[in-house]
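Trainee: Sequence:
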Amino acid sequence: MQLFDSVQKTKLPFEPIYDGKVSIYVCGPTVYDDAHLGHARASLAFDLLSRTFKALGFQVTMAKNFTDIDDKIIKKVEESGKSMKELTSFYIQRYLEEMDALGIARADIEPKATESLTAIEQMIQILIDKDIAYVTSTGDVYFDTSKDSAYGNISHRVADDKATLSRVEHNSEKRNPKDFALWKACKGSDDICFDTASTTSFSSGRPGWHIECSAMIEKHFKGNEQYTIDIHGGGADLLFPHHENEAAQSRCATGHELAKYWMHNGFVQINGEKMSKSLGNSFFLKDALKVYDGEVLRYYLNSVYYRNDFNFSEEELQTSKKRLDKLYRLKKRVSPGKSSSVNKEFKKALLDAMSDDLNISISLSLIDEMIATTNDALDANPKDKALKKETLANIEFIDTLLGFGGKEPFSYFQIGVDENLKNKIETLISERTKAKKEKDFARSDTLRDEILELGISIMDTADGTLWEKA
RNA sequence: GGAGCCAUCGCCAAGUUGGUAAGGCCGUAGAUUGCAAAUCUGCUAUUCACCAGUUCGAGUCUGGUUGGCUCCUCCA
1 MQLFDSVQKT KLPFEPIYDG KVSIYVCGPT VYDDAHLGHA RASLAFDLLS RTFKALGFQV
61 TMAKNFTDID DKIIKKVEES GKSMKELTSF YIQRYLEEMD ALGIARADIE PKATESLTAI
121 EQMIQILIDK DIAYVTSTGD VYFDTSKDSA YGNISHRVAD DKATLSRVEH NSEKRNPKDF
181 ALWKACKGSD DICFDTASTT SFSSGRPGWH IECSAMIEKH FKGNEQYTID IHGGGADLLF
241 PHHENEAAQS RCATGHELAK YWMHNGFVQI NGEKMSKSLG NSFFLKDALK VYDGEVLRYY
301 LNSVYYRNDF NFSEEELQTS KKRLDKLYRL KKRVSPGKSS SVNKEFKKAL LDAMSDDLNI
361 SISLSLIDEM IATTNDALDA NPKDKALKKE TLANIEFIDT LLGFGGKEPF SYFQIGVDEN
421 LKNKIETLIS ERTKAKKEKD FARSDTLRDE ILELGISIMD TADGTLWEKA
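By our numbering, the letter at position 254 of the first sequence is numbered 254, and the numbering carries on one by one without gaps.
Honestly, the hints are just simulated from the structure, not real lab data. Here the structure is a predicted model, which is why all the values come from computation and not from measurement. Note that CB positions come from ideal geometry on N, CA and C, so glycine has one too. One or more hints might be untrue.
[Claimed, not checked] When the alpha-carbon atoms are kept at most 27 angstroms apart in a straight line, the in silico DSSO-like pairs for lysine-lysine are as follows:
id, residue 1, residue 2
1, K389, K434
2, K338, K389
3, K75, K174
4, K76, K184
5, K338, K290
6, K75, K389
[What the hints assert, rightly or not] Label-pair restraints from in silico Cβ distances:
id, residue 1, residue 2, range
7, D379, E315, 37 to 43 angstroms
8, S276, R106, 46 to 52 angstroms
9, R443, E110, 54 to 60 angstroms
10, S80, K348, 27 to 33 angstroms
11, R443, R333, 25 to 31 angstroms
12, G20, D237, 49 to 55 angstroms
13, I415, S361, 32 to 38 angstroms
14, E369, K11, 36 to 42 angstroms
15, A377, F90, 35 to 41 angstroms
16, N308, E438, 54 to 60 angstroms
17, K75, D237, 32 to 38 angstroms
18, S341, F283, 26 to 32 angstroms
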């Protein structure tokens with residue numbers, strides 16, 4: 001397995017901390033709003049990573065956190081009048097359901113910041129005890145970046161310039177401009193506040209954003225002398241400052257590096273611009289799923305190398321659907337039946353492609369070639385049972401590795417068609433078949449037009465007339 | 001202002017020890033079909049934003065130009 005490491009900025013052969021095992025931690029969402037396509041892409045990328053490792057025989061432990069305490073959440077709590085718990089559990093639930101619809105396997109560990117406070121407090125206390133963090137007069141705790149000589153190693157950022165400094169929040173008590181909050185003390189009665197005054201040397205309040213990941217990783221994973229986890233992932237925007245700060249906290253608190261490899265996925269863009277809440281151009285997953293099938297969305301969002309930016313377009317999504325359709329048409333052609341075993345060369349080629357830093361483009365082209373070759377062979381010999389069984393096995397392997405192609409093919413082409421419409425279509429088709437038998441082609445063509453108007457396309461085969469949602 | 005990434009056929013997109021351009025969509029010619037659809041076959045970039053350089057040889061390395069994006073502020 002070769003992975004592109006964002007820190008070393010090069011592809012590296014993957015060597016796990018423990019033989020045969022991989023530990024992955026991915027930064028999950030802050031749960032104060034609906035997930036958009038960008039969240040989906042990040043989830044999808046690491047789902048692909050996890051599936052590839054599993055297919056290669058690794059034992060994978062994947063963690064994805066939920067940031068369920070943060071300024072934006074507090075703001076939303078104040079606006080909505082709901083409790084924080086109500087609000088965050090609503091969005092967590094919805095997030096999980098939407099990711100399910102995209103065929104993303106649930107993480108093995110889904111830690112929440114509010115459930116990790118002890119670990120967070122302990123890590124902050126360690127940093128204070130080591131004189132790496134300091135408490136301000138208001139009770140906030142800051143990380144002193146000047147105490148970490150390795151600070152900057154992750155993002156390779158050098159000294160701050162004036163323009164940068166002017167953008168950073170003003171706090172005269174900060175010792176260095178780049179110092180960041182580990183803990184924010186309660187300021188007013190409305191603030192959501194965790195009682196830590198009795199157990200720590202800092203006042204009650206709530207954790208800063210960066211500390212939760214470091215603390216949760218330490219809590220849930222046991223690494224070796226050098227590293228805590230194998231892979232830390234997230235969106236490209238998290239590289240700095242989030243991951244830089246995480247790395248600094250962990251390094252200083254534990255004495256070893258947080259992660260051996262760092263992976264970052266590219267953005268989903270709309271009209272060439274990053275999709276983000278501040279730009280107001282978010283395409284929410286809940287809306288996308290109303291219009292498109294989750295499997296098609298998955299195929300589409302995963303069809304490009306995860307590190308590249310991804311410009312969303314409806315036309316390209318339709319192209320992806322056509323490509324996926326071809327796989328299902330082949331599946332329909334070789335169904336029903338039992339699968340035998342996957343073609344060894346095909347399997348190896350797919351694994352090789354995915355082992356090259358998840359080269360999905362090569363994988364998809366291999367699948368297209370397999371489809372063409374199989375269709376060709378089936379044209380020459382329609383009753384090749386062995387080939388049909390092997391093809392079924394190949395498609396099962398695709399589903400396991402890449403997460404699509406697993407549906408029953410006839411139902412795949414009828415997604416969104418209700419019983420009523422189905423009966424209507426079948427009635428029209430049988431009338432048309434009758435007309436065809438009587439060679440009344442004028443009538444059969446009229447009936448076909450009627451069916452087309454229902455948004456259904458039909459195809460005559462040796463086994464009768466089949467139909468699909470157009 | 002500082003830092004980084006990217007630029008390959010009409011569209012999407014592979015191509016990291018430099019060796020002579022994957023795949024998909026679209027288009028097009030044919031096979032098949034009552035006609036379609038689906039499927040199959042053929043065709044579809046002497047060329048990789050531009051300029052200069054290194055080299056026997058560069059999309060792939062170096063320098064520059066132009067254009068786009070991102071991070072430095074919450075963000076996947």
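Trainee: Next, verify each hint and record whether it holds.
Mentor: Against the structure, the hints come out as follows:
1. Distance check on the hinted pair: K389 and K434 sit about 34 angstroms apart at the alpha-carbon level, beyond 27 angstroms; violated.
2. Between the alpha carbons of K338 and K389 the distance comes to roughly 6 angstroms, so the proposed pair stays at or under 27 angstroms and holds.
3. With a C-alpha separation of about 25 angstroms, the suggested pair K75 and K174 falls inside the 27 angstroms cut-off, and the hint holds.
4. Distance hint between K76 and K184 is fulfilled; the C-alpha atoms sit about 18 angstroms from each other, no more than 27 angstroms.
5. For a cut-off of 27 angstroms, the pair hint linking K338 to K290 is broken: about 33 angstroms separates their Cα positions.
6. Proximity of K75 to K389 is assessed by CA-CA distance (about 57 angstroms); at most 27 angstroms being required, the pair is judged violated.
7. Between D379 and E315 the beta carbon distance is about 30 angstroms. The supplied range of 37 to 43 angstroms is therefore violated.
8. A beta carbon spacing of about 26 angstroms between S276 and R106 contradicts the range 46 to 52 angstroms that was offered as a hint.
9. The given range of 54 to 60 angstroms is respected by R443 and E110, whose C-beta atoms sit roughly 59 angstroms from each other.
10. At about 53 angstroms, the CB distance of S80 to K348 disagrees with the hint of 27 to 33 angstroms.
11. Here the CB-CB span from R443 to R333 is close to 29 angstroms, well matched to the stated 25 to 31 angstroms.
12. Between G20 and D237 the C-beta distance comes to about 33 angstroms, which lies outside the given range of 49 to 55 angstroms.
13. For I415 and S361, the hinted distance range of 32 to 38 angstroms is not satisfied, since their beta carbons lie about 26 angstroms from each other.
14. Checked against the hint of 36 to 42 angstroms, the C-beta distance between E369 and K11 comes to roughly 25 angstroms, which is inconsistent with it.
15. About 51 angstroms separates the C-beta atoms of A377 and F90, a value inconsistent with the hinted range of 35 to 41 angstroms.
16. Evaluation of the 54 to 60 angstroms hint for N308 and E438 yields a pass: the beta carbon distance comes to about 56 angstroms.
17. The hinted range of 32 to 38 angstroms is not satisfied by K75 and D237, whose Cβ atoms lie roughly 20 angstroms apart.
18. At about 41 angstroms, the CB distance of S341 to F283 disagrees with the hint of 26 to 32 angstroms.
Comparing the model with each numbered hint stated earlier shows that hints 1, 5, 6, 7, 8, 10, 12, 13, 14, 15, 17, 18 do not hold.
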